[in-house]
Every structure is written in C-alpha cells, then in structure tokens.
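So the sequence lines, in the order shown, correspond to chains P and Z. Residue 502 is where the first sequence starts when you use the working numbering, and the numbers rise one by one after that. Residue 502 is where the second sequence starts when you use the working numbering, and the numbers rise one by one after that.
Keep in mind that the hints are not guaranteed to be accurate.
No distinction is drawn between identical chains; accordingly, a pair holds when it is met within one copy or between any pair of copies.
[Said to hold, decoys possible] List of simulated lysine-lysine pairs, DSSO-like, C-alpha gap at most 30 Å:
(1) Lys528 to Lys623
(2) Lys700 to Lys652
(3) Lys567 to Lys598
(4) Lys746 to Lys603
(5) Lys779 to Lys588
(6) Lys700 to Lys737
(7) Lys700 to Lys851
(8) Lys652 to Lys884
(9) Lys779 to Lys564
(10) Lys588 to Lys830
(11) Lys851 to Lys528
(12) Lys628 to Lys529
(13) Lys708 to Lys570
(14) Lys762 to Lys623
(15) Lys654 to Lys851
Treat the hints as calculated values from the structure; they're not laboratory data. These numbers come from a predicted model, not from an experiment.
Protein chains: 2
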Amino acid sequence: MFDMISLKGGLENVDGFYFDGVHSGVKKKNNDLGFIRSDEEFLISACFTTNKFKAAPLRHFLKYPKNFKTNFILLNSKNANAMTGEKGIDDIDEIFKELGKKIKLINPIMSSTGVIGQRLDKEKIIKGLDKFDFYARNSDAVAKSIMTTDKFKKELSFRVDLENGKSFNIAAICKGAGMINPAMATMLCYILTDANIPKDDMDELLKSSIENSFNAVSVDGDTSTNDTVMLISSGKKDYDKQAFKTALNMITLNLALMLVKDGEGSSKVVAFEVNGAKDDKEAMKAAKALSNSLLVKTAIFGEDPNWGRIASTIGASGVECSEESLVIKYDDVLVYDINHPELDEEREQKAHVIMQKESFKISCDLGIADGKFCAYGCDLGHKYVDINASYRS
Amino acid sequence: MFDMISLKGGLENVDGFYFDGVHSGVKKKNNDLGFIRSDEEFLISACFTTNKFKAAPLRHFLKYPKNFKTNFILLNSKNANAMTGEKGIDDIDEIFKELGKKIKLINPIMSSTGVIGQRLDKEKIIKGLDKFDFYARNSDAVAKSIMTTDKFKKELSFRVDLENGKSFNIAAICKGAGMINPAMATMLCYILTDANIPKDDMDELLKSSIENSFNAVSVDGDTSTNDTVMLISSGKKDYDKQAFKTALNMITLNLALMLVKDGEGSSKVVAFEVNGAKDDKEAMKAAKALSNSLLVKTAIFGEDPNWGRIASTIGASGVECSEESLVIKYDDVLVYDINHPELDEEREQKAHVIMQKESFKISCDLGIADGKFCAYGCDLGHKYVDINASYRS
Chain P
502 MFDMISLKGG
512 LENVDGFYFD
522 GVHSGVKKKN
532 NDLGFIRSDE
542 EFLISACFTT
552 NKFKAAPLRH
562 FLKYPKNFKT
572 NFILLNSKNA
582 NAMTGEKGID
592 DIDEIFKELG
602 KKIKLINPIM
612 SSTGVIGQRL
622 DKEKIIKGLD
632 KFDFYARNSD
642 AVAKSIMTTD
652 KFKKELSFRV
662 DLENGKSFNI
672 AAICKGAGMI
682 NPAMATMLCY
692 ILTDANIPKD
702 DMDELLKSSI
712 ENSFNAVSVD
722 GDTSTNDTVM
732 LISSGKKDYD
742 KQAFKTALNM
752 ITLNLALMLV
762 KDGEGSSKVV
772 AFEVNGAKDD
782 KEAMKAAKAL
792 SNSLLVKTAI
802 FGEDPNWGRI
812 ASTIGASGVE
822 CSEESLVIKY
832 DDVLVYDINH
842 PELDEEREQK
852 AHVIMQKESF
862 KISCDLGIAD
872 GKFCAYGCDL
882 GHKYVDINAS
892 YRS
Chain Z
502 MFDMISLKGG
512 LENVDGFYFD
522 GVHSGVKKKN
532 NDLGFIRSDE
542 EFLISACFTT
552 NKFKAAPLRH
562 FLKYPKNFKT
572 NFILLNSKNA
582 NAMTGEKGID
592 DIDEIFKELG
602 KKIKLINPIM
612 SSTGVIGQRL
622 DKEKIIKGLD
632 KFDFYARNSD
642 AVAKSIMTTD
652 KFKKELSFRV
662 DLENGKSFNI
672 AAICKGAGMI
682 NPAMATMLCY
692 ILTDANIPKD
702 DMDELLKSSI
712 ENSFNAVSVD
722 GDTSTNDTVM
732 LISSGKKDYD
742 KQAFKTALNM
752 ITLNLALMLV
762 KDGEGSSKVV
772 AFEVNGAKDD
782 KEAMKAAKAL
792 SNSLLVKTAI
802 FGEDPNWGRI
812 ASTIGASGVE
822 CSEESLVIKY
832 DDVLVYDINH
842 PELDEEREQK
852 AHVIMQKESF
862 KISCDLGIAD
872 GKFCAYGCDL
882 GHKYVDINAS
892 YRS
C-alpha cells in the first residue's frame, strides 16, 4: 500500500537536482536554453524516437557506453540540430568545451527541439551559458526553455508515501504540441525522481510506461527526429517498485493527455478504446488506426456520429474482426451492432450530444477474444491546417 | 510494335456490351442506378478492397465459383450496402429475382457505393429497373450513375492498333474522390475490352496494373468497404499481351490521377518519387508514407518547401536510409543533400515557385540501392476539412 499526493510546482519537489532556463537570443523572446544537473553523477534511462534520422543530440548521447552516468543535461529550443550530419555532433562538443570551463562536467548530454536542417547558433548558445545560475532550482524557467508551439507549460509532480513511513518524489517537465510536428515541435520529457531505483527497473518501467502513454497518443500520426523521454534518479530516497510504477504511469499518461489537449489546432480529446481483440497487439493496431484516421478525425471535428468511418477504419487496419461481433459505442450510447446497423433518430441525437463534449470515449468491442488497448487522439479542423500550412517562422 | 489512339467518349468504343444509367429516386436528382451487360456471358477479373468489412455486393460476388462468367453487372450509388450483414446479400438476390423477370441473367453481380450501414431501398431500385433500356450503349449515363462526391465524370478509352493490321479497344468508367471516403465515396472502376484476353492474363495484368495506379494514389490514406476494380472482356477482337498491358496501365494510371485531382478539397497533385531504396518494396513504403503524411500534405497546401518534413517522414517510415546519402529535390531544384542541409534563399525561392504549380514532383534518392516507386498524393487544406466534417447529407 502507498499514497500518491499531487504536489504544487514541478521539479523543485525532487531532491538532488538543480535546473534553470534563460533567454539566449535564438528565440526572439522567451527562454530557449536550460539545464538539469546534479553535483553528483546520476543514473539515466532514455527512450528515443524510432525515426531513422536521429538528430545530432541523440547520436551524441548514444556514443556513451551503455549505463553511463552523467551530471549535466543541456536543453535548447527553436533548433532541432537534426539532419546536420557529423557537424551537428561537433557543435555539441564545442558547446560542452565552453561549458566545461564554467562547471565540472561528467558525460554531459544535450536535447534539442525546433526546426530541422539548421546548424546550432553556437555563438548565441555559448553566450547564453553565462546567464545560467548553476545552483537555481527554477522548474518554471527550465520548463519554459523547451517550449515551442506549446500553448501551455507542462509540469507535474507527486510525492509517494510508502507503508514504512518513508516517501519519495517524482516530477516531470514535458513539451510537445502537434504530436509530432517534426519542423517546429517535437516531444521532449524529463522525469526526475529521488527514489533509489535500480537501473534495470528504470529501463523496464520507463519502456512499459511509454507504451501506454506517449506511444498511445496521436495528434497527426507523424514521428519526429528528436523525440526523447528521460528518467533520471538522484537515488537519495526510499524506493518501492509497485509504488514507483504506479506513479510513473500516472505521470506519463497525464503528460501524454496534456500533449493531445495541446495538439495543434485540436479542440477535443477522444479516447479510442478497443476491446475484445484477438490480442493486445491487434487492439493497439486498431485503436491507433482510429486515432490516426483523417476521416475519423474530421467526423469528430464535425460532431457527426458517422460510425461507418469507425467500422471502415477498423476493417482497414487489418485486425481480425467481423460485422457480426462488432459493437461500437460513443460513451454509453450504442451506435452499431449487427442487430442495430441503422442509427435511429434517438440514438443518433444522443451520440451527437456526446460528441459536442470536450472529451469522450469511442469504444469498439471486436468480440473475438480478450485483447485491449486505449489510444488517445483529437479532432482535425481548420486550426490544424492553419498552423501547419503556415510558412516556417 | 503497336499504336495507342485515344478516342472520344467511353464504353461505346468497345464492342459487345450494353450499358445505361437512370434516376431511381435514391438520390434526390441525377442517375443513381446503372448496368453493364452483354447478350453472351463474359469473363471478369475483379480486385476488391483489403478492408475486412467487405460490403454485401463483394461477398455476394465471392460466393460464385472461381472463374465464373456473368452477363450482368448492376450498379448503384448513394448506398454502399456495407455493414448490413446477411440481409444485405438477401437484398441483392431479391433485386435480381425481379430483374430476372425482365432479362435473362447468368450469375448477375452488383456494385454499390455510398453511405455505410443502411439497407438498400429495394422498392425504389426495383421500380428503377423499369427505366432501363437494355439495348442502350449510353456510357455517359452509366458513368454518371456511379458518381457520389465526384466533381467530374471519369471516362477514358483507347484503340490499340496491332502490327498485324488488326486492333482492339479498351475503355473504362470510374468513380471516386477522397481516396477513399468510406461514408460517401468509395472507388469503383469498370474496364471493358473487346480484346480476346485469356483469363490468366486478365488476373495477372489487372493486379500488377493496380499496384502502380490505384494503389499508388492517396487522398487521405483511408480504404473503404466497397473498393472494386473490374476488367471485363467480350473477346471479340485480337489480343496482344504487351500491347494490352501497356494500354491497361495507361488507363488505370490516368484514372487514378483523375481520382487524386478530384480528391476531396485538393488543389494540387504531387508525385512522390522515391529512388535508390533498398528494394522496390521499401521505396513503395517511403513513397506512400510521404503521400499520406498530414504534415507533408499541409506543407504542400501552404506552398512551404519545408524539406525537414519530407526527411522526417522518410525516417519515420522505417526504411533503410541515412542523412549522408539522402538527396531531396522539388522538380529539378535540390533542397537537401548532406553538403547543402540549409536552404539558401535562391533555392528556397525556386522551390517555393515550383510548389505554386498545380502539379509537381518531390523526389527523394535514398542512395542505398536500386529500389524505386512513385506514389501520387495531394495537399490537405480547408476544403478537405469542410467536406469531411460536414454531417452526412
């Protein structure tokens, strides 16, 4: 047994780290450069994009030996340092050479987000380093330093009280809107904890937690060159695996839902729940197909309970299904089963009212076996087109 | 050697068939019921949707033994007869029972397009049969009877002159816009020929021809419950495999490009050519990922030569690639290679001008091996949202 208490603020609730964010001048205004560091080296577990064109900071990270420890994460926004070749990696090393004159570095790492295909403005970034307060614990400043097209700052923290009277803390900052816009906005997430979690558990729990959170949400189905989720531990407090797993899943799912809510031009968050699939993998395939379908997304924008698009998308996803066993509901309103293929006026009206809400659930029971998965998506309307058709700026 | 001559009109250029279209009253106005038939039974080769939820007319077709011959294809629009269970198939049989009182039927087949999840209006359709002129050769009327959201009629015909002084004809009608909108518009295509083509060649050539035409175009990446392409031969004239293959590929590619041009709300047709892939399969994967990417489609709508979205989509598609060997061009303007990652103002301006055209090519050389594929897609703008967000009507 354990208790999870939601805390005000962000990273400052976790012991053992310093963090700050400043304006270096790469962005016209607002913070564009930040760091997370510790006086001692710390364990880190990272999950990166599956995109074959991994940005320079990811390839720089991957040059370190497995299970390396670091004491410094440098963050920047407005430039992704992606598609910049070996020079992109050299740029990072040059910046760390300068940073090393100011503070002791052990295996420093960098994360970048922003436009693809431009070299980092090393001069501005190196000058910006002078503005850092290396002993600040300013979660707001660092969270803002990674924002790009985000409409709001994404920060969360919890204290977990264990049965033995001890406790640990876990907190995160995250950026991303338009999951994922490779040109202007890619997702970055840093989860800090003071729990004394072993490295193997870090890797295992982070990976499984991402599967049902960041990998279950979609704004436009594109994946980026820079996507990064990191779990970092100072190891200063007690640890309990079950409690930590629960807290971590809570953090990643809530941050993921914030990303959808902040999805470029989206006005609704929809849970696509698929049950009764052949197995969980097929349920995931069908649920993600629904959250990515343009026709489903535009029907949601139009608040049209056009279940034919839901059925057709499931059929097209390649999973085992049949029209005899399929059941589709919008929240608790049945819109299709084999005995009710035609929506009567009453059920149509009820479904239409549900679709007017800011968030609702579309559930599909395939009636095959026990596989299930829930994906999260949003509508696609005119604002999405406006944001993404506009020239890079 | 052979000559292909483009002919005026449509199906009337092919010997051995009758066809007509009428208004039965299922649509408020315009033709909604049509047929293609022959006095003798004819060979037919059909390719259907891969969607698991195959509409009733497809399942009705598939009940006939392999290589069956038919003498009658009944066509209707506005109702897809999809997700209607066994009753949907019974409805077809009932309609054919009535039709059989008017004309001799051998293994009659039906094709439907329109809204999913509604039973056919048998009464109106059966009454509509009375309006048919079974000896008409009215290509315009039958082509119009299958239109739904199409902005223009799709008809094509060629005469092929063979070396021996003989000739055959091939002609087609097609419908589809919004490739594929499962609720209102799914693609149907009927290719008629009088060439004496063996059944094995029909199956082989139709399948390979679809791969590089209908399966290479995308408006919104969705596939439908009713997609059907049929090749029908009266066998009355000479046949040459190479000539027929060329003519068939020409017909299907041109019809497919018409579908993209008529894509819901689209204003540009873009060829996505991928060269230098590990193999043709990987080239197809990358090319289709480009034609389906929301971020690529909105950048095309915005006429923004944002090549980072092209690169990122290729990287996300899972094909073998590297930023060292990748080359991206818009028509003949280089926008990315490892030595030119940053677009200078001159090339940016040139690429922007290319994107203002109604059609252009984005080519990506992956520099791995010899695999190649060309997919065709369109932009995504406000009109797409308007059409697809609007309530079924």
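Hints, one by one, checked against the model:
1. For a Cα distance limit of 30 Å, the shortest separation of Lys528 from Lys623 inside one copy, 13 Å, qualifies, whereas the shortest one across copies, 65 Å, does not.
2. Within a single copy, Lys700 and Lys652 get their C-alpha atoms no closer than 34 Å, and across copies no closer than 60 Å, so neither meets the 30 Å cut-off.
3. Taking identical chains as interchangeable, the C-alpha atoms of Lys567 and Lys598 lie at most 30 Å apart only when both belong to the same chain, with a minimum of 23 Å there against 72 Å between chains.
4. In this assembly of identical chains, the alpha carbons of Lys746 and Lys603 never lie at most 30 Å apart, being 37 Å within a copy and 71 Å across copies at closest.
5. For a Cα distance limit of 30 Å, the shortest separation of Lys779 from Lys588 across copies, 26 Å, qualifies, whereas the shortest one inside one copy, 48 Å, does not.
6. With identical chains, the CA atoms of Lys700 and Lys737 are at most 30 Å apart within one copy only, with a shortest distance of 14 Å there and 75 Å across copies.
7. Taking the shortest alpha-carbon separations for Lys700 and Lys851, neither the intra-copy value of 50 Å nor the inter-copy value of 52 Å comes in at or below 30 Å.
8. When the C-alpha separation of Lys652 and Lys884 is checked against a cutoff of 30 Å, the pair qualifies both within a copy, at 13 Å, and between copies, at 26 Å.
9. Only between protomers do Lys779 and Lys564 lie at most 30 Å apart by alpha-carbon distance; the minimum there is 26 Å, versus 40 Å within a single protomer.
10. Taking the shortest alpha-carbon separations for Lys588 and Lys830, only the inter-copy value of 22 Å comes in at or below 30 Å, while the best intra-copy value is 53 Å.
11. In the homo-oligomer, the alpha carbons of Lys851 and Lys528 lie at most 30 Å apart only across protomers (27 Å), although the nearest pairing inside one protomer, at 47 Å, exceeds that limit.
12. Proximity of Lys628 and Lys529 under a CA criterion of 30 Å is satisfied intra-copy only: 15 Å inside one chain copy versus 70 Å between copies.
13. In this assembly of identical chains, the alpha carbons of Lys708 and Lys570 lie at most 30 Å apart only when taken from the same copy (19 Å versus 56 Å across copies).
14. For the identical chains of this complex, Lys762 and Lys623 are neighbours neither inside a copy (34 Å) nor across copies (46 Å), given an alpha-carbon limit of 30 Å.
15. Taking the shortest alpha-carbon separations for Lys654 and Lys851, neither the intra-copy value of 35 Å nor the inter-copy value of 38 Å comes in at or below 30 Å.
Violated hints for the displayed structure, listed by number in ascending order: 2, 4, 7, 14 and 15.
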